[in-house]
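Q: Okay, here's what each chain looks like letter by letter:
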Amino acid sequence: MGDAFVERIREINSTINIRPACAEDAKPFTDLMNKQYRRKKKEEYFYWQFMNPAIPTRLFVAYENDLFIGSYGIQVHTLSDSVLCGFTIDLLIREAYRNRALLVLFEEEAQKFAIEKGAQVMTSLPNLDGMRAHKGLRTWRHIGTVRTYTLPRAEAAGDKGLPEQRTSGEELVYFSKSDEYRMWRYKLNPEYKYTYIKLDTGEFTITKIFKDPVTNVRYGDIVDFECGLQDRKLLRELFLKACMHLKGEGVEAITTWALPHTPLSGVVESLGFAETQPERYFCFKAVNPEREHAYDFSRWHLVQADAEIY
Amino acid sequence: MCDVFDYREPELPENPDQGSIDKWDSLEHLRLIMVVESEFGIKFQTERIPHLTSLELLLSEIEKAHG
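Protein sequences appear in the order of chains A and B. Last residue of the first sequence: number 305 in the numbering used here, and the count goes up by one each step with no gaps. Last residue of the second sequence: number 86 in the numbering used here, and the count goes up by one each step with no gaps.
Source of the hints: derived by calculation from the structure; they are not laboratory data. Predicted model, so just to flag it, every value in this text is computed and none were measured. You may find that some hints are simply not true.
What the hints assert, rightly or not - Distance ranges between label pairs, derived from CB positions:
{"no.": "1", "chain 1": "B", "residue 1": "Asp41", "chain 2": "A", "residue 2": "Arg34", "range": "19 to 29 Å"}
{"no.": "2", "chain 1": "A", "residue 1": "Glu90", "chain 2": "B", "residue 2": "Glu58", "range": "25 to 35 Å"}
{"no.": "3", "chain 1": "A", "residue 1": "Val1", "chain 2": "B", "residue 2": "Arg67", "range": "16 to 26 Å"}
{"no.": "4", "chain 1": "B", "residue 1": "Asp41", "chain 2": "A", "residue 2": "Lys188", "range": "34 to 44 Å"}
{"no.": "5", "chain 1": "B", "residue 1": "Cys21", "chain 2": "A", "residue 2": "Lys193", "range": "51 to 61 Å"}
{"no.": "6", "chain 1": "B", "residue 1": "Gly38", "chain 2": "A", "residue 2": "Pro273", "range": "15 to 25 Å"}
{"no.": "7", "chain 1": "B", "residue 1": "Glu66", "chain 2": "A", "residue 2": "Glu150", "range": "54 to 64 Å"}
As the list claims (entries may be wrong) - Lysine to aspartate or glutamate pairs mimicking EDC-like chemistry, simulated, CA-CA at most 20 Å apart:
{"no.": "8", "chain 1": "A", "residue 1": "Lys35", "chain 2": "A", "residue 2": "Asp20"}
{"no.": "9", "chain 1": "A", "residue 1": "Lys130", "chain 2": "B", "residue 2": "Asp41"}
{"no.": "10", "chain 1": "A", "residue 1": "Lys242", "chain 2": "A", "residue 2": "Glu232"}
{"no.": "11", "chain 1": "A", "residue 1": "Lys35", "chain 2": "A", "residue 2": "Glu264"}
{"no.": "12", "chain 1": "B", "residue 1": "Lys42", "chain 2": "A", "residue 2": "Glu90"}
{"no.": "13", "chain 1": "A", "residue 1": "Lys193", "chain 2": "A", "residue 2": "Asp226"}
{"no.": "14", "chain 1": "A", "residue 1": "Lys37", "chain 2": "A", "residue 2": "Asp26"}
{"no.": "15", "chain 1": "A", "residue 1": "Lys35", "chain 2": "A", "residue 2": "Asp(-2)"}
{"no.": "16", "chain 1": "A", "residue 1": "Lys22", "chain 2": "A", "residue 2": "Asp61"}
{"no.": "17", "chain 1": "B", "residue 1": "Lys62", "chain 2": "A", "residue 2": "Glu6"}
{"no.": "18", "chain 1": "B", "residue 1": "Lys42", "chain 2": "A", "residue 2": "Asp124"}
{"no.": "19", "chain 1": "A", "residue 1": "Lys130", "chain 2": "B", "residue 2": "Glu47"}
{"no.": "20", "chain 1": "A", "residue 1": "Lys228", "chain 2": "A", "residue 2": "Glu264"}
{"no.": "21", "chain 1": "A", "residue 1": "Lys130", "chain 2": "B", "residue 2": "Asp44"}
{"no.": "22", "chain 1": "A", "residue 1": "Lys130", "chain 2": "B", "residue 2": "Asp22"}
{"no.": "23", "chain 1": "B", "residue 1": "Lys62", "chain 2": "A", "residue 2": "Asp(-2)"}
{"no.": "24", "chain 1": "A", "residue 1": "Lys130", "chain 2": "B", "residue 2": "Asp25"}
{"no.": "25", "chain 1": "A", "residue 1": "Lys37", "chain 2": "A", "residue 2": "Glu59"}
{"no.": "26", "chain 1": "A", "residue 1": "Lys35", "chain 2": "A", "residue 2": "Glu303"}
{"no.": "27", "chain 1": "A", "residue 1": "Lys236", "chain 2": "A", "residue 2": "Asp226"}
{"no.": "28", "chain 1": "B", "residue 1": "Lys62", "chain 2": "A", "residue 2": "Glu2"}
{"no.": "29", "chain 1": "A", "residue 1": "Lys35", "chain 2": "A", "residue 2": "Glu274"}
{"no.": "30", "chain 1": "A", "residue 1": "Lys236", "chain 2": "A", "residue 2": "Glu247"}
{"no.": "31", "chain 1": "A", "residue 1": "Lys182", "chain 2": "A", "residue 2": "Glu221"}
Every residue, glycine too, gets a C-beta built ideally from N, C-alpha and C.
Using the sequences and the accompanying hints, generate a full structural model.
A: In structure tokens form, the structure reads like this:
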């Protein structure tokens, strides 16, 4: 992005002040978010996500005088290969302030924060509009589309064999989740209640029940799990147990994420899950050129809980 | 406009505006503005820029600038 272009963006937005969020921003943030999204959030979400996070996190907010214009958040995660990774969330821009390329200024602040914390790559899992916005920056690439796997009627095929192994899963990169992070992400989450379903051998899944406010359908989501990706038999046992638990809770369908290039996709397909609608768009930017190999989507393993909406 | 949005001229909608061109988002809008400014040797008023969301509005603003 040329200097002249960025300078013009600064000029156009010269009356707008961008700064790190503070507690007083909770109300205008949730008001704007609830105006723009179907899934409503309470102020508790803001305090949990940005005032008491388990990992380095900052929300940048934009104001024109006293009017809240928008926000852009950044978390710094550790990947399974120990690389630190910025992950952007909660992009909001008030309708009347679009066409000013405010995202360029937000992204500059967010990236500065991530780099200060040691991040070498930047990632995001936005919806279609967010993906287009990130691609528009021209420094980000949309490297893969995540489709939801759905098990209709929540009935898992318990006796089906495992398909051919697709990939070993050994080289996959994923977002690491420490016990402390999971405690914050699931136990302290102000919006959703999560349940751990454990095997005797210690592996577990984390599930959530979600009632669609429009269709009233109750979904069971398998949002996260801890189990080696190479052991497909154990993975199958683990996911089968989660499905049986959710079925017992009366859900009408079960969803999860399993990228097609990972061993997990074969496992969930053997249980009767099928790929359905595109859900999220994985966007990536290598800040350190040595990390450019991670533009390859087939190196990634993602779970639903990597997106902040699950 | 064709260059900014990767259109061949016959493919461009009859009255192109932000609603009819998928790629015309916030960033592309500013790229278009800067291309037009440089092409016509003008500078739009900052507060008008977000509202110049169609070819018709752009042409009218160019005429005013050349006024």
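Q: Now, for every hint given, state plainly whether the structure supports it.
A: Verification of the hints:
1. B:Asp41 to A:Arg34: 19 to 29 Å: Hint holds: Cβ distance 25 Å, inside 19 to 29 Å.
2. A:Glu90 to B:Glu58: 25 to 35 Å: holds, 29 Å
3. A:Val1 to B:Arg67: 16 to 26 Å: holds, 20 Å
4. B:Asp41 to A:Lys188: 34 to 44 Å: For Lys188 (chain A) against Asp41 (chain B), whose Cβ atoms are near 39 Å apart, the range 34 to 44 Å holds.
5. B:Cys21 to A:Lys193: 51 to 61 Å: holds, 59 Å
6. B:Gly38 to A:Pro273: 15 to 25 Å: holds, 23 Å
7. B:Glu66 to A:Glu150: 54 to 64 Å: Holds, at about 59 Å.
8. A:Lys35 to A:Asp20: holds, 17 Å
9. A:Lys130 to B:Asp41: holds, 13 Å
10. A:Lys242 to A:Glu232: At roughly 15 Å apart (the allowed maximum being 20 Å), Glu232 (chain A) and Lys242 (chain A) satisfy the hint.
11. A:Lys35 to A:Glu264: violated, 32 Å
12. B:Lys42 to A:Glu90: Holds: Lys42 (chain B) and Glu90 (chain A) sit about 17 Å apart, inside 20 Å.
13. A:Lys193 to A:Asp226: Given pair Lys193 (chain A), Asp226 (chain A) holds - Cα atoms ~16 Å apart, limit 20 Å.
14. A:Lys37 to A:Asp26: It holds: about 9 Å lies between the C-alpha atoms, which stays within 20 Å.
15. A:Lys35 to A:Asp(-2): Outside the cut-off at roughly 38 Å; violated.
16. A:Lys22 to A:Asp61: Within the cut-off at roughly 13 Å; holds.
17. B:Lys62 to A:Glu6: holds, 12 Å
18. B:Lys42 to A:Asp124: It holds: about 11 Å lies between the C-alpha atoms, which stays within 20 Å.
19. A:Lys130 to B:Glu47: Holds, at roughly 11 Å.
20. A:Lys228 to A:Glu264: Holds. Lys228 (chain A) to Glu264 (chain A) sits at ~13 Å (cutoff 20 Å).
21. A:Lys130 to B:Asp44: With a Cα-Cα distance of about 11 Å, the restraint between Lys130 (chain A) and Asp44 (chain B) holds, given a limit of 20 Å.
22. A:Lys130 to B:Asp22: holds, 17 Å
23. B:Lys62 to A:Asp(-2): Status holds; Cα separation ~17 Å.
24. A:Lys130 to B:Asp25: Roughly 15 Å separates the two Cα atoms, so the pair holds.
25. A:Lys37 to A:Glu59: It is violated: about 23 Å lies between the C-alpha atoms, which goes past 20 Å.
26. A:Lys35 to A:Glu303: Roughly 13 Å separates the two Cα atoms, so the pair holds.
27. A:Lys236 to A:Asp226: holds, 16 Å
28. B:Lys62 to A:Glu2: holds, 14 Å
29. A:Lys35 to A:Glu274: Answer holds: Lys35 (chain A) to Glu274 (chain A) is near 18 Å, not above 20 Å.
30. A:Lys236 to A:Glu247: holds, 16 Å
31. A:Lys182 to A:Glu221: holds, 16 Å
Violated hints, in rising order: 11, 15, 25; the structure is consistent with all others.
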